[in-house]
Amino acid sequence: MNAWTRMICRILVVLMAWTPFQIAQAGMIGTDQVVTSSSSADRSTLLNFVGRSDVASQLQTFGIDPATAKDRVAAMTDEEVQSLAGKINAMPAGADTAGLLLVVAVIVLIWWVVTKR
Amino acid sequence: MLQGFSALRSARLTAGVFVLAAALSGCAGLFPQTAQLAEEGPPQGAPREVELTQVPFFPQVEYQCGPAALATALANFGVKVTPDDLVSQVYLPERKGSLQVEMLAAARRRGMVSYVLAPRFADLLREIAAGNPVVVLIDQGIGPLEYWHYAVAMGYDYDYGQLILRSGETERRLIPFALYEFMWKKSGYWAMVALPPQRVPATADETRWLAAIAAFERVGDARGARTAYASFLARWPDNVNAAIGLANAHYALKELPQAEQVLRRAASRAPDSVIVLNNLAQTLSDQGRDEDALPLIERAVAAGGPFAAAARETREQILGRLAKKTR
Chain A
1 MNAWTRMICR ILVVLMAWTP FQIAQAGMIG TDQVVTSSSS ADRSTLLNFV
51 GRSDVASQLQ TFGIDPATAK DRVAAMTDEE VQSLAGKINA MPAGADTAGL
101 LLVVAVIVLI WWVVTKR
Chain B
118 MLQGFSALRS ARLTAGVFVL AAALSGCAGL FPQTAQLAEE GPPQGAPREV
168 ELTQVPFFPQ VEYQCGPAAL ATALANFGVK VTPDDLVSQV YLPERKGSLQ
218 VEMLAAARRR GMVSYVLAPR FADLLREIAA GNPVVVLIDQ GIGPLEYWHY
268 AVAMGYDYDY GQLILRSGET ERRLIPFALY EFMWKKSGYW AMVALPPQRV
318 PATADETRWL AAIAAFERVG DARGARTAYA SFLARWPDNV NAAIGLANAH
368 YALKELPQAE QVLRRAASRA PDSVIVLNNL AQTLSDQGRD EDALPLIERA
418 VAAGGPFAAA ARETREQILG RLAKKTR
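First to last, the sequence lines map onto chains A and B.
Heads up: the first sequence at position 56 corresponds to 56 in the numbering used here, and the numbers run straight through without jumps.
Converting from the second sequence to the numbering used here requires adding 117 to each position, the first position being numbered 1.
Excised from the complex, chain B in its bound form (with noise of 0.2 Å):
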């Protein structure tokens, strides 16, 4: 009947195992994704066991399992940072815990992309195998008793049927993924990377990630978004939002002949988009190729649309240029 989870018929009847059995011989209601993740096999290209060694565990101070496991998913990749340095940047003293969009926002300011997951289990194996450890959130408590909870997801065994954790106190905890999707449903199968700007998970959407880049892009660090949008476009070369989006890290840059360049191929897929047109119209403004700008920015006006009014008042700018040039 199952495939997965071989383990069931061996001699090594964990507790999670058992529950597990449970979970599959009829009442897979409760454990959904558990009997899917069963039915199915491993996702597709991932090993049936990984386990992310070189993950660095912070233990626990009291409550502060935000900033120990934040610190434990940015560490991984390089970010010189311990969990006393995120308390000023997640923690809520009052509430004793940490929000997810804090944790979201704090990556951001480390200099990482910060990326929600799929509510689902088989992404959720397919980040770790692909090297990513995962920030997850999930309720220890029972019904109406709530103990949220993040912990880092940073191996599984198929087989057995477990997910590994770096979790509080715990440097290697053992969690059998029928119990571990109990405690991780309530959260609305939260789970978030942080990853540094040169990597795309592994299973990123395209919009989703596009506007995770976006969000990083918003705080300010120009050189990780310009290395972010160019990481998207290998991948997803047709996207031109993206391409605005690298051509405004350029710029920010004070990169003018590259952003042009960028801007003139979104231009060439995208020729009626008023974004490309006005952003484009303002590079070479800029460059002091007012009039090459003109037309340009002529066609973006004509085009209408909700940003008409910005690209009128650059149309304004640049024949205020061009008549202090012929004065």
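So here's chain A without its partners, still in its complex pose (with noise of 0.2 Å):
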């Protein structure tokens, strides 16, 4: 009986660790994998599974909860994920209150016009 026990929970230990990385199933075929090139659909995949997780908590250390950092990483497309993946310090991040412009404008109109005559 024991013996029994163990083996149905090796199966299933088994089985758990599987699931996640069997991508072919049965039913329709998803838009999304249709419309990016899918040459290696499963490496792919499994390299988003990390990557999404990834991104997900670089967003919790800019200060973002983690449930709302999961939701923001799931509106993203997988190739999106991969350009923001270890990355987000170097992007811009749109913030500026305006005000920089007028300096930026007379300083621009100077150098023209020294760099002209």
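If you're looking for bench data, these hints aren't it; they were derived computationally from the structure.
Just to be clear, a hint being listed does not mean it is correct.
[To be verified] With a straight-line Cα cutoff of 30 Å, these simulated DSS-like cross-link-like pairs (lysine-lysine) come out: (1) 302(B) - 213(B); (2) 70(A) - 371(B); (3) 197(B) - 70(A); (4) 70(A) - 441(B); (5) 371(B) - 116(A).
[To be verified] Example chain A residues on the side facing chain B (calculated, C-beta under 8 Å, incomplete): (6) 27; (7) 68; (8) 90; (9) 107.
[Unchecked claim] Simulated DEER-style distance windows between Cβ atoms: (10) 440(B) - 90(A): 28 to 36 Å; (11) 388(B) - 61(A): 48 to 56 Å; (12) 25(A) - 149(B): 46 to 54 Å; (13) 161(B) - 90(A): 35 to 43 Å; (14) 9(A) - 374(B): 40 to 48 Å; (15) 114(A) - 262(B): 16 to 24 Å; (16) 444(B) - 9(A): 28 to 36 Å; (17) 50(A) - 388(B): 54 to 62 Å; (18) 61(A) - 423(B): 31 to 39 Å; (19) 178(B) - 71(A): 16 to 24 Å.
No residue lacks a Cβ here, since even glycine has one placed at the ideal position from N, Cα and C.
Combine the two chains into a complex, taking the hints into account.
What follows is the structure, encoded as structure tokens:
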């Protein structure tokens, strides 16, 4: 009896470990798979799985709570996730409260006047 | 020498025009697109002067130009949203700003299809002329000093060479084309529109617009996706991938006969597409017509390719259902 239980447990463990990576399944093939090139669908799905949790935890380090970070990543495409993974710090983050424009305008103007003559 | 920007010769020599003059008289390298625009005239189909005055204005609160710009673009099409609602979706407190990718993603969560424009000044003007306010990313800093800022371009005056934007705390900011390009160039001319699913951008590229709709579909609004794919097919009726998308949206909404109809039309155009065959077989099987589905899925399996594994799984399922029936 005990041996049976242990056996079943083992099978379940194996199945649970295996399930998330079983990509091909019966049913409709999704549009996002069609539109993005999918020659290596399995590999990119696995990479994506890692990429998404990676980007979500990065967002958390920038002050977002875990649940919100997960939602935000969920709205991104695979490519977008890949473009962010490991690079958020180097990306431009639009923020400025205007103001510097005038300085830029004046400097550009002066520069042009000087270089023109 | 120049047909465009006739105001150059007029009495109103604004700073903008002056900068422009410099740009055009031999130093065009710094403002290549402005120079090109001046030479070629307003883009095809775009009037000389446009201002989308109905575009709402949300004055920016500290650093939050991302939420403010996005709310402006969304509310223009009737989405009930304020910058505050978007802070938790696009703002990064530790960076005191918003990432481009998140601007795109957040628009999808509000039922809009977001699309990055091709990096062309003419395309920016064409979208405005078509009634689509454009969210742009510009750098207001100099050299190594970066001051990234989102604004919404919602008008222009070609003859005066000025762009009109909702920006920060300014409801109607006028920036000369050349100066604007100077600031815009550093973001790689980044610009996006966020449109309701029935609209197609004036400058839409077939492949990239389809990818934008697929990204929108991913977020889970099947009704919106259905509308977006239908509008896409009205413009590009031969696109098989869009038909697959439309059928998937129908399928998600449990409209199986409609999904079947769309897929049959796609199958007549692309008889060997594994995806069309697989999805059509699945749709038939779900309507209890496994006998009709079987020959289709056999063809899909025989065709092979990257989706062969999925097709084999579908065949197993159909065979299983058939076996159950005969028992």
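Checklist entry - Taking each numbered hint in turn, which are not upheld by the structure, reported in ascending numerical order? => result 4, 5, 8, 10 and 17
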